[in-house]
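Read top to bottom, the protein sequences are chains A, B, C and D. First residue of the first sequence? That's 51 in the numbering used here, and the numbers climb one at a time after it. First residue of the second sequence? That's 51 in the numbering used here, and the numbers climb one at a time after it. First residue of the third sequence? That's 51 in the numbering used here, and the numbers climb one at a time after it. First residue of the fourth sequence? That's 51 in the numbering used here, and the numbers climb one at a time after it.
By construction, these hints were calculated from the structure, which means they are not laboratory data. For clarity, every value in this text was computed on a predicted model and none was experimentally measured. Only true hints are included.
No copy labels: a pair is met if it fits in one copy or bridges any two.
Taking lysine-lysine and the DSS-like style, the derived pairs with C-alpha atoms no more than 30 angstroms apart in a straight line are:
1) Lys320 x Lys180
2) Lys235 x Lys215
3) Lys354 x Lys180
4) Lys180 x Lys345
5) Lys307 x Lys235
6) Lys354 x Lys326
Residue-level listing of the chains:
Protein chains: 4
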Amino acid sequence: MISFTCDYTQGAHPLILERLSQTNFIQEPGYGEDSFCESARARIREAVGLPGADVFFLVGGTQTNSTVIDAMLRGYEGVIAVQTGHIAVHESGAVEFSGHKVITLPAHSGKMCADELQAYLEAFHSDGSKDHMVYPGMVYISYPTEYGTIYSKKEIIDIHNICKKYNIPLFVDGARLGYGLACDKADITLPELAALCEAFYIGGTKVGALCGEAVVFPGGAPAHFFTTVKQHGALLAKGRLLGVQFDVLFTDGLYMKISRNAIDMAMKLKDLFLAKGYEFFIDSPTNQQFPILDKARIEELRDKVAFEIWEPLPDGRFVTRFATSWATTPEYIDTLSNLL
Amino acid sequence: MISFTCDYTQGAHPLILERLSQTNFIQEPGYGEDSFCESARARIREAVGLPGADVFFLVGGTQTNSTVIDAMLRGYEGVIAVQTGHIAVHESGAVEFSGHKVITLPAHSGKMCADELQAYLEAFHSDGSKDHMVYPGMVYISYPTEYGTIYSKKEIIDIHNICKKYNIPLFVDGARLGYGLACDKADITLPELAALCEAFYIGGTKVGALCGEAVVFPGGAPAHFFTTVKQHGALLAKGRLLGVQFDVLFTDGLYMKISRNAIDMAMKLKDLFLAKGYEFFIDSPTNQQFPILDKARIEELRDKVAFEIWEPLPDGRFVTRFATSWATTPEYIDTLSNLL
Amino acid sequence: MISFTCDYTQGAHPLILERLSQTNFIQEPGYGEDSFCESARARIREAVGLPGADVFFLVGGTQTNSTVIDAMLRGYEGVIAVQTGHIAVHESGAVEFSGHKVITLPAHSGKMCADELQAYLEAFHSDGSKDHMVYPGMVYISYPTEYGTIYSKKEIIDIHNICKKYNIPLFVDGARLGYGLACDKADITLPELAALCEAFYIGGTKVGALCGEAVVFPGGAPAHFFTTVKQHGALLAKGRLLGVQFDVLFTDGLYMKISRNAIDMAMKLKDLFLAKGYEFFIDSPTNQQFPILDKARIEELRDKVAFEIWEPLPDGRFVTRFATSWATTPEYIDTLSNLL
Amino acid sequence: MISFTCDYTQGAHPLILERLSQTNFIQEPGYGEDSFCESARARIREAVGLPGADVFFLVGGTQTNSTVIDAMLRGYEGVIAVQTGHIAVHESGAVEFSGHKVITLPAHSGKMCADELQAYLEAFHSDGSKDHMVYPGMVYISYPTEYGTIYSKKEIIDIHNICKKYNIPLFVDGARLGYGLACDKADITLPELAALCEAFYIGGTKVGALCGEAVVFPGGAPAHFFTTVKQHGALLAKGRLLGVQFDVLFTDGLYMKISRNAIDMAMKLKDLFLAKGYEFFIDSPTNQQFPILDKARIEELRDKVAFEIWEPLPDGRFVTRFATSWATTPEYIDTLSNLL
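Chain A extracted, bound-state conformation:
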């Protein structure tokens, strides 16, 4: 049986495993102070075009979100996200666990609307009771979003400008960053994105690594961020595991190359569904596709291909999610083609 349930069904890119083996017995310090992390940091700084950026390697997405958000907020502040944002729904309240409210705005195909952000901030700051409310201390967006959609450069610039106006940082969750930047609709580059936010991360877990997220602070990290990482249980003793992986991913453009593979496969998959007359819930340009299937079709497919039931529709049909990844091959698509 083949699976399109998510983009983390398989291990790591073979070059990563190879490099882990090659370097296995080299003795290195722990906690990210090894030479592999150093090299990976240098490559990432180059890729984002910021020689002075601070780069940290954390293990997973939820952990990265809650650690970065807690480090950047003061105790009385919360973080603004859309209602479908990962931190608002699928992180078991990790942000609240660190004491901060997730302030939610409506989601539009998973995206935040700059005008609504502006309206919210304006209303907050003119509210006579604002001192009894949670201060908006940061904006969180995902690129791409949880619905596979991406922001245009203009949309990010608009959000960035509002953040500047209200003097609050913008944090971009890039758990699937490669899949966003590599898609046909993307009109922003990694350096351009980096220039528009105070923090973002380059997702490894979903883009070819066994685990790992590279957090970038374009203008420098919060004071003692290393200690905050440790306090949050997010500091890997053998930091080399993350260093080696990101070093490989950022050598010879591997990260973008394998990201592009996921997009190619996703577009094939999309065409396949469209050709067979299926509708889509959302027009996603990235590796997550949301075809609408009826119950009978789902039952038929269930034993041969794994995918996610996303949500029921009023008409009885279901939104499903099919995700491709760096590891999806044309054979997966062919197999699926024969099943549809």
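Using the hints provided, position chains B, C and D relative to the given structure of chain A.
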């Protein structure tokens, strides 16, 4: 240059890397629901002799400590540890971050004294002001301790009995569990240890894995522990990485075999220092050794061998730490021998 | 100038001040263990018809909400409230500060709809990703609501039944409880309300006391609630201040008598606005009234009477809030009448 | 029966009750924005000699400590206190509840030793593992201490200088501030103390008020401290209750006058015990006295006078605590005299 600075200077046991490669493209569900985790859990249940135990895989030690402790305590409770306990000193306040106090007792070569524990609990419960104090809700000990020492079976039984008397759980930090169980002085087996506590973990990071700690709840996990793990940012998306590693470590007794190697090397190292007339700060039977060196000697060695300066002594000399591991070979010891 | 801005513009009912003076030099233990608290607890148990209920006195509303909620939830749980609920908006994130998410449902004139609660809980428990989400561990409603409206007995029974079905406690914020129970539309008594929830509080601050909220746990308090209260900074050293006040308020039905005064005054005020042709934003039967005023009228009144601007309407007019209280006299209404 | 168990056995100074009655029906805004708070703030600024100081009124001591400490620390920081400090022992872990560790130093008759503080900070900052530890972000001392002792001006200057050197704030818990400043041994004035710390509070609860602590930030409060106070459940709706009390206490030197009464009574009490041949556990110059009594004597006295058993001594006798207060009259001492 060779390094004895810690037991996580190298990657993973080659069998682990091999198995990661072999299984790399097998598609599996995320979050520990894969077949490798399943298999590893079964092997661990067998190794601890508890078919009904709950087993979870987390990524690192600090994370495991704070997640397990927070899951087992109520809000008004704290955890009792010795002053040199890892959670009391070197975890950047991760336990306090989750809202709980670490209540400290004196350390005796890194160990908690059962009588002092009993005295503390008795005093607490007869204190007229106890309702204004943090309730002792759990006992935390390390096996082996941060100073390489181990508890005898009797000592653990004594602590266990006190915990039973006061109806509080005992949690054993086994970040270096193998090195404790494999040493000559150990008089307790893994199943015996498991029968004496409510939670413990089998350290992978320091004993042959790239990362990973296997948490065992002999009598069952706290309700919704999975969600607590996620909330603490401790849930690995590709749980297979942990499953594969523990599956290998608990196949054909590998975990204990490689643990024993560290002990053999540590004993050689100890003999070496003793033969050359060095004193030791503490008589450790495990993989961490604490020879006392003077400043001149430290300076001489510094460029040829890495080790840790542990603490200064009143007489101007220094306690140092030399750690062996699953990966230490006789060649390391020979090289050191030539240097001393 | 007279003020209708809120129901805490004045001190305490004179009988309270009198009793504070009479008892001032009697020596009593601290922390709520005094004879006044004891007496007040007995009177409250009688008033709620539950001889076995646990009663605690806390100082203020936000404090009471966050302390009770934190004490009743496990770490991985959140509390369900409507979007306009006090804990969701005007408590500066006090619930999140204690680590818990406030899960919001739509508000209907400030009230929670039982069907929507049922639908949410059903959807949550059938969601395949629920273990990655915050568990709904409690339902919070206000009686009366932040918009002055009240639930009918049937509505509370419906919510109570859903809570029972899902085995989660119901907590009623009664910061203005007297004003709800005393209004003409109320069809529930204090004992009936007490029988339908696991925790509620009888607001003192807004109903005749200088400060103080009496928390009632009909089926018994969470373990070591006293210590949780202390930990939250909510334990008053001179608990007598709260004991004396609630003892007076629950002697000879004073609490309900002065609550009824606020309602009488509010109804007069409502009639006044209606007679003068004003519209209301919401049909509130309690002490908070929300007449709609245009900008010119607001400007005219501003120097002579204080009230709150609640929110702007799309047509340029404003919802305002006029609150009466236990201390409002007919003279206030007459003065207002002359101004309108 | 008379009681010396603590300094909060009685209500408030009669002038306070009188003023509460006089002002009872004056309408004022809530949350400390009333004219009484305004006036009290002005009087306190004058008393501390700092026209630019920020002054806030909170309700109780534990609440004040945890709110101020949390507001002044960053997430990765802890607060340094002595082992007998109130925050370290008798606040149910309120500081840890807000996520911060209480780092403890030895206590010398309840006091912190400047040299030990210096040594600790020096050791911390030269520790190679400091980034894995809780950062010392603040120093907390009590004046007078929990053992009734006071720091000399020189001792406070020494601690202040160390704080300056390490750039961390000094916070003085003044729950019994008046009793410290009014005692014969005191060589520091309120303005001098204010000039040596970044935050302190003037205790009202134990010095004549029904409740209330006046927090002073000589150099200005942390950003949005009001919101932090609200978030901690420490904001009183009827702030006037605190404003009126501190306004009275700081009119015509009442605070110091009634503080002095407690000292006069304590010295009489001390002389009494000394004259009868009793020993003292500690030589306290303030309102708390710690005579040593044997079991038989305790039993004899128990029905006639209330006091606290502080701790058992190795020889079987007990340290007891007798506290006087603003309300203690010579009659109490005479009664006690007849009993001894």
